[in-house]
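**Q** Sequences listed follow chains A and B, in order. Residue 37 in the numbering used here sits at position 37 of the first sequence; the count goes up by one each step and never skips. Throughout, the numbering used here is defined as the position within the second sequence, counted from one, plus 1000.
Hints listed in this document are in silico derivations from the structure and should not be mistaken for laboratory results. Just so you know, not all the hints are guaranteed correct.
For the chain B half of the interface with chain A, some residues (derived, Cβ under 10 angstroms), not all of them [unchecked claim]: (1) Asp1093; (2) Gln1140; (3) Leu1187; (4) Gln1224; (5) Val1225; (6) Lys1250; (7) Leu1251.
Glycine residues also receive a C-beta, built at the ideal position from the N, C-alpha and C atoms.
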Amino acid sequence: MPIQIIIEKCTGCSLCLKACPFDAIRIMDKKALIDLNKCNLCGACVPSCKFKAILIEKQAGAPAANIADYKGVWVFAEQKKGKVQPVVFELLGKARQLAADLETHVSAVLLGERLEEEIQELIWRGADCVYVVEDRRLANYQDEPYTNVIVELIKKYKPEIVLCGATAIGRSLVSRVAIKIKTGLTADCTGLDIEAQRKILLQTRPAFGGNIMATIISPDYRPQMATVRHKVFPETVSDMKRKGKIIRETFDGNLLTSRARLLDIVEEIESSVNLAEADIIVSGGRGLGGPENFKLVQDLACVLGGAVGASRAAVDAGWMSYSHQVGQTGRTVAPKIYIACGISGQIQHLVGMQSAKIIVAINKDPDAPIFKVATYGAVGDLFAILPALTKRFKEALKR
Amino acid sequence: MEIIVCIKQVPETTEVKINPETNTLVREGVKSIINPFDMYAIEEGVRLKERFGGKITVLTMGPPQAEAALREAISLGIDEGILLSDRAFAGSDTWATSYTLAAAIRKIARFDLIICGKQASDGDTAQVGPGIAAHLDLPQVTYVKKVEEINDKSGRLERMTEEGYEVIEVPLPALFTVVKELNSPRLPSLKGLMRAKQAKIQHWTHKDLEVDFAALGLNGSPTQVVKIFTPPPRTGGQKFSGDTQEVAEKLVDLLRPEII
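All chains, please: the whole structure from these sequences, using the hints.
**A** Pasting the structure below:
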């Protein structure tokens, strides 16, 4: 078995029991015993043991290539309609820190067509080098050609780290790339650091709806790949004095063809501000009483330059479209300010927004669970408080 | 139409609680359910089968108790269940999981469509669906929110994006991952429940699959978890009540410095 308790070292102290997220360890006769039907080999117990009594043996698969050949930190520069997305500038900032720790360079990888200004912007925002692949067939994101091109670029230039936004595009793309390359990919990271000793990437991410955090490594494979949540790292500022290298690549037609065909891109008017990118989100729930009252939420969002969210209850009632739903079966968001109006705060909603920096709750029920996570709570009638807030913000922000 | 739906058994999130004294997850008595997103995958598969006929198979990888999830799927209209359960699969990350599921799908051999939920509610990675498609070299459409048109040759779908949606036409066989907006899952029928009870679930181990043993489970997983910890729980802060204007004024004063 790959996991074992070294009986001579185990004192039966039960620290490992508490560390196990799968309830797979019992103490019998003052020794830890692992239930292999429950154990997921996640490894959480190993560092918890002060006596080094738990061993997980992993036979490292022989890496396909020499790890030392892989150098540099890459950021996938997601673009839509020719515009590089804000999450890319957040990643460039983090990539610069990682590259400084590794004493290496930062590159952006940009696929699309007619991208001149964006290439320049990527350099100003922190890229030492931009790999550019321009082709009509790459103008809009499509899974297959984008996967093929990124795989080829990785094989040719061998980066040690590849970062990508945890967006609809990013998550679809790098999931395929990591399989084709046979390397590790960690989803939805909220923390990235370099382990000083081995110079490897420590990738920290929430699991179980944010109830636990896990730190993950891919020590024997390259590149180390991660998708990163929006709004976790600050955007870099543009420095027009920065200089960088531009490397252009072209690929033959086979790699650029797609079996799936993109027929149309539809933007829904309701979502004037993208929820994932929003700094401020004003969300409404059942307490609004009906679809017409979402106007109060929209008015406040408008004054604050924020996006409109909704609880599952409001979406299921048909008051708002699904694309606005925040929570377990909707979107996960992490804005600077999240204002929950008439949302009671069921756990399924909380897991979608509890990493917001500031949570404001407006609810008439003083015992609503939302107040347990709210930085600021207002107990009262939202039909009075919302218009008052909108009016005062309008004055305060001179909007 | 031959359809394969991949599902995962997960703990019901509402019941994942933190014990404040030990700061660990409380898992005792936690109910296991089918991952919520997979319910939409099952429903869509069953609807397509009702329209086109054919067979629909549900596939999962997990411990022996994951059989319950397969039976539940059968109660909802699925024909057959296959459980991939083997100690050799333990410790699989998304690479090894999608590798193993892809090998099982190769063994099933006949299929027009694979449907997965967009992500599982415990891991939240959204990587296994596209991973299976990559292993099988199939086209994929992720975040499907509407099937506009479909037959056994191709489908036209709406794929949810941050700003709205894309319309994508894809030849079959293909893999879809689906979101909640796609449909409203049905409840099991009495007949379905009876069938689920009696259904014979196939159990496959690595010996039933054409796989490289070294690519399975913990050993085949490029990633490894080095630390699991509970983040400090959020606690409630200041609470205001009373005069509406005063409450609004306080909130504006507190939030103003945070707004650029």
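**Q** Now look at each hint and say whether the structure bears it out.
**A** Consistency of the hints with the structure:
no. : hint    : in the structure
1   : Asp1093 : holds, 7 angstroms
2   : Gln1140 : holds, 6 angstroms
3   : Leu1187 : violated, 16 angstroms
4   : Gln1224 : holds, 6 angstroms
5   : Val1225 : holds, 5 angstroms
6   : Lys1250 : holds, 8 angstroms
7   : Leu1251 : holds, 6 angstroms
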